[in-house]
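Asks: Chains A and B, in that order, are what the protein sequence lines are.
Going by my numbering, the residue at position 100 of the first sequence is 100; the numbering climbs one at a time, nothing skipped.
Count along the second sequence starting at 1, add 1000, and that's the number in my numbering.
Here are some of the chain B residues that sit facing chain A, going by a computed Cβ distance under 8 Å: (1) H1052; (2) Q1132; (3) C1135; (4) T1183.
No more than 20 Å apart at the CA atoms, straight line, and that leaves these computed lysine-lysine pairs for PhoX-like: (5) A:K21 x A:K120; (6) A:K21 x A:K122; (7) B:K1096 x A:K6; (8) B:K1116 x B:K1150; (9) A:K59 x A:K29; (10) B:K1096 x A:K8.
In short, the hints are calculated from the structure, not lab data.
Glycine included, C-beta positions come from ideal geometry on N, C-alpha and C.
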Amino acid sequence: MTQIVKSKIDQACRVAEEFTKLYYETSDKRRHLMSRLYLDSGLLAWNGNGINGNERIQKFFIDLPTSDHTINTLDAQPILDSAVNGQLTFMIQVSGTVKYQDRVPKSFQQNFIITAQGDKWKIVSDCFRLQEPLSNNEKT
Amino acid sequence: ISFDISEEVHLPTTQQTFLCNQEGESIVRQFLEQYFLIFDSENRQPLLQAYHESALFSMTMSYPYGQKDRSTSWLNWYTTDNRNLLRVSDPDRRQKLLKQGQVAVVSFLQEMPLTKHDIHSFTVDLVLFTSQMICLAVSGMFRELKSGHKVPPTRAFFRTLVIVPAGSGFCIANETLHVTNATDEQARLIFKTVVSAPATPVTSPIAPRLTL
Chain A
1 MTQIVKSKID
11 QACRVAEEFT
21 KLYYETSDKR
31 RHLMSRLYLD
41 SGLLAWNGNG
51 INGNERIQKF
61 FIDLPTSDHT
71 INTLDAQPIL
81 DSAVNGQLTF
91 MIQVSGTVKY
101 QDRVPKSFQQ
111 NFIITAQGDK
121 WKIVSDCFRL
131 QEPLSNNEKT
Chain B
1001 ISFDISEEVH
1011 LPTTQQTFLC
1021 NQEGESIVRQ
1031 FLEQYFLIFD
1041 SENRQPLLQA
1051 YHESALFSMT
1061 MSYPYGQKDR
1071 STSWLNWYTT
1081 DNRNLLRVSD
1091 PDRRQKLLKQ
1101 GQVAVVSFLQ
1111 EMPLTKHDIH
1121 SFTVDLVLFT
1131 SQMICLAVSG
1141 MFRELKSGHK
1151 VPPTRAFFRT
1161 LVIVPAGSGF
1171 CIANETLHVT
1181 NATDEQARLI
1191 FKTVVSAPAT
1201 PVTSPIAPRL
1211 TL
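Please work from the sequences and hints to get the whole structure.
Replies: Structure representation (structure tokens):
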């Protein structure tokens, strides 16, 4: 394994630590700033609901019940150059628990693709899933 | 008479599938069917062709909220390779726990306990679909077979795949896998989906090669 890849792996891990700390603090306490974390054309897939663009994502977060996230696991990798033309891009995976308003906490899993834009990291895509039985919402 | 400010805010309804691009549906469906057909067999070696020669793979594990009592099916097998950056701070260890290259990845997959996935329990999120790169996340449940537990454990997983074009098909460039236990509410539903449509014809395990 070349040094370049090695240093990218180290960097992906460090950036993932900083990024997730900021992301969950912002979504729990300073939601009005959420849009700044995304590319203008960023995508959020929240439990299968797709929201396109950072302004609509901002509105989506404002409309969610208040949240309190606890992170249990964090993992990160640099995305292979062939996929992103050498544009520095990382994939981050998180699991944890989230408590909405006064509800019972639930486990969740989430992944992010983040990319370097100028001197800032921006979310390309954000995919969130609560761990819950599917039949709750199915009408069969 | 009280004040009307403690109104309950509702969560959006869960959708089983999200596709950022409808064109991606058949590709994703085909890829997942072929991948899990091989993954659930005793020989996972054919998956070599599904991975990029420089593919990266890592795994994390944890227990679901509130589930850590004596009745739990322990996730011991998964702890050794748990690349949880919150616990693993040593850079060398972080490097080592990241499987690098298709041989390392598939060797690890081959060591994992035998499984049977419930494809009807899957959620699929296709979040990126360009000519250069596809990113999708799959969650769902599987039964763990022959792993020494009295009752075969029901696990839940969440996989993120970055897929790139390769030759006439596609292969996986990056993958993260999260393994946890199914919650009691989830586990009750495993393999319970009644399919009314005719079952997909069973094909022999072939490598996930995709064509556009």
